[in-house]
Structure formats: structure tokens, C-alpha cells
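Asks: Here is how the chains run, residue by residue.
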Amino acid sequence: AQTVTQSQPEMSVQEAETVTLSCTYDTSESNYYLFWYKQPPSRQMILVIRQEAYKQQNATENRFSVNFQKAAKSFSLKISDSQLGDTAMYFCAFTPTSGTYKYIFGTGTRLKVLA
Amino acid sequence: EAGVVQSPRYKIIEKKQPVAFWCNPISGHNTLYWYLQNLGQGPELLIRYENEEAVDDSQLPKDRFSAERLKGVDSTLKIQPAELGDSAVYLCASRPGPAGNTGELFFGEGSRLTVL
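Protein sequences, first through last, are from chains B and S. Residue numbers for the first sequence follow the numbering used here, so the first one is 29 and each next one is one higher. Residue numbers for the second sequence follow the numbering used here, so the first one is 16 and each next one is one higher.
Quick caveat, the hints were computed from the structure, so don't treat them as lab data. Some hints could be false.
[Said to hold, decoys possible] Derived DSS-like pairs (lysine-lysine); straight-line CA-CA distance at most 30 angstroms:
| id | chain 1 | residue 1 | chain 2 | residue 2 |
| --- | --- | --- | --- | --- |
| 1 | S | Lys93 | S | Lys26 |
| 2 | S | Lys93 | B | Lys130 |
| 3 | B | Lys140 | S | Lys26 |
| 4 | B | Lys130 | S | Lys77 |
[As the list claims (entries may be wrong)] Examples of chain S residues lying across from chain B (beta carbon under 7 angstroms, computed):
| id | residue |
| --- | --- |
| 5 | Gln56 |
| 6 | Glu124 |
| 7 | Leu128 |
Keep in mind it's a predicted model, so treat the numbers as computed, not measured. Ideal placement from N, C-alpha and C gives every residue a C-beta, glycine not left out.
So here's chain S without its partners, still in its complex pose (with noise of 0.2 angstroms):
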């Protein structure tokens, strides 16, 4: 079974320009989490999708920030225009539904951008 799949694994762009990250979940898992991980730290919650609707984005940055899973399986995390301080790994994660849910996350292996 494949994991969740990301890309593209490292994307060095200059400040104002935009960037996009993409991820593919592990089939079935209607839930995807996109999480911001900065240098040496725990992971952090910007957008959390329950198939197509986006049920918790309080987190997300809305000015520069935007995400969607248009038909509930893939999702676009998309950031316009970049600055030095979104330079980080986002992390992408999934869940599968009630009938096998074991609370366990499943990551991808990131997407690290570099903002110059």
C-alpha cells in the first residue's frame, strides 16, 4: 500500500513569488491534515480536511495561504506571495475514517521551502 505522497520534496523560491505543495493521502483516508513544521520543532496544525470540506483552518495564514481537496482525495496547500518566514517543512498527514480509525496519523515526508 503506498503512504502518503508528496511533492515537491524541497522548493527554493525568492520572496513574492508563489509556491505550491501538493499531496496524495493513503487511499481511503478521508482525513487529511496539512501541519507546518518549523526548524527543530513539533508540527503544527494549519488545515484539517473531512473529504472535501475544510472543517478546521483557524490556523491557516487566509491572507497568503490557501488549500483545497476539491473531490476529497488529493490536496494543494498554496502560498502567494512567499516570505522569509514561511521557509519550513509542511508536512502533509492522513487519517482514515471511522471504521478504521486507531488515531494513528500518517505522514508524508514533506515538503521543504526555502524563501530567499
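Chain B on its own, in the form it takes in the complex (with noise of 0.2 angstroms):
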């Protein structure tokens, strides 16, 4: 069974700050994506960060940025220069590329940026 775990239900940093969220999966499968989803207050999801699997290099997107550990299957956002928009639910989720597209969910880390 595909699984993805977040082991930190609720995080706080403060604003300026870097914090890292975890997030552990685990599939059979080879070719896959991984993501980060925010969730804001308002509760539209909308995506912060992309991987594939095939690719080494880690992720970048302006202040976030990934830690990809295709071994480990570990998959972790570092937010740098935390700011309090960055306040919100943060999802790691996982699908196979193989055509089931079957997205694979984590419980979310609740973040609180302070002021």
C-alpha cells in the first residue's frame, strides 16, 4: 500500500525564520511525483512545490525548496525567510506516474508563522 506520513501535526516559526516540515512515504512504484500543498484559512489548496522522482536534483521555488531522499523516501520543505502569509496547512502528497494517478495524502503540518 502507498502511505504517506507527516509526523508534525502543528509547527510554529518565527517570522524571518526557516523551518522544515517532514514528510516519509512509502510505494513500490519507480516513477512517481511529490508535492507540497498549502491550505490556507479560506481552504483552497493550492501547490507550492513539485518533484519527480527521476530527478535528482532537488526542487526549488523562490523561498521553498525540497530535500529529496529517493532511498530514504523521505521528501521535506525547508521555508526560508518565513513570512506570516506562510501561515497555513501544509499537505506532502505522492502519485504514481504509471497512469493511475491515484494522489496519496498526508495528515498536514498546521504552520503559524509569529509575528
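Hints in hand, dock the two standalone chains.
Replies: Written out as C-alpha cells, the structure is:
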């Protein structure tokens, strides 16, 4: 079975500081995507960053970067220079690229950025 | 470009009443998903459509839930009769076909159901 585990239900960080959210996953697939989604209090989920499993280079998007460890099945999100607008639920997600595109989400990490 | 549109945003009903949620995906997106999101949890798949075909409905409680996507565009999710435990947010998401597929799922704002 494919699973996604986020072991940090809640985290907080001071504005302008750096925070890392953890995610581990389990799959027997060799080709897949990993994602971090952000869900602000308004509820609409938006994509933060995406990683293709066949790429060794870690994805980056401005202040957001990932540490992708394929052998360890780990996919952490680092937010640099945290801003108040980063306060949200963050979900790690996985989908195989084999055609089923069945997205599996973790239980989320609630991040609060403190002024 | 319009995003994924869902309605209603909020719905409060008495238990045993029916309820329906509507979703219009991004234009040209062949794949449509309905997810259930309980408070403080991640989304859980209810059903996935490829055009008008339901290709994965294994987690849809078919005794009370039904869904349709008749013309392969918009979709309706129905619950009849609703139970207290159905209180949750129902999310719709869509994804383009193979040509434009980056793997990203695009979500609507969700429909929050409260069953009293």
C-alpha cells in the first residue's frame, strides 16, 4: 500500500526564520511525483512545489525548497525567510505516474508564522 | 483562466436529508476528482473520472453516495440520506490530459457540509 506520513501535526516559526516540514512516504513504484500543497484558512489548496522522482536535483521555488532522499523515501520542505502569509496547513502528497494518478495525501502540518 | 468552481460553499442540513455538490473543472481538464476532507486531515479520494468514466470509485460509499459526470465536463456528487458523520469538506480537483500534464492537481475552494 502507498502511504504518506507527516509526523509533525503543528509547528511554529518566527517571521524571517527558516522552518523544515517533514514527510516520508512508502511505495513500490519507481516513477512518481511528490508535492507540497498549501491550504490557507480559506481552504483552497495550492501547489507549493513539485518533485519528479527520477530527478536527483532538489526542486526549488523562490523561498521554498525540498530535500528529496529517494532511498530513504523522505521529502521535506524548507521554507526560508518565513512570512506571515505562510501560515497555513501544508500537505505532502504523492502520485505514481504509471497512469492511475491516484494522489495520496498526508495528514498535514499546521504551520503558524509568528510576528 | 477560471479555476475549479464548486458550489455551494456551505450547506447545513438535517440528518437523513439529501444534499448535492456541483463542480466545474478547469476548461480542458479531462480528469476530475472528488475528495473528502475531515477537519484537520488530508483529502481522501472518493471518486476519480477520466472524461465521463468513473475509473476509481472504490472508496465511494455507494449505499448513500453517488456521482455523475455525464458530458465529461462538470460533475455532481450526491449524498442521500446524509448522516452526522458526513459533516466534512468536499473538495473537487482537476488535472489536464496527458499533453498538458505536469502532475499538478488544481483544487476548488470546497463545499463545507454540516449535518445536524
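Asks: The structure should be examined with respect to each hint, and the outcome stated for every one.
Replies: Here's how the hints hold up against the structure:
1. S:Lys93 - S:Lys26: holds (13 angstroms)
2. S:Lys93 - B:Lys130: holds (22 angstroms)
3. B:Lys140 - S:Lys26: holds (28 angstroms)
4. B:Lys130 - S:Lys77: Holds, at about 19 angstroms.
5. Gln56: Hint holds; Gln56 (chain S) Cβ to chain B Cβ min 6 angstroms, cut 7 angstroms.
6. Glu124: holds (5 angstroms)
7. Leu128: violated (13 angstroms)
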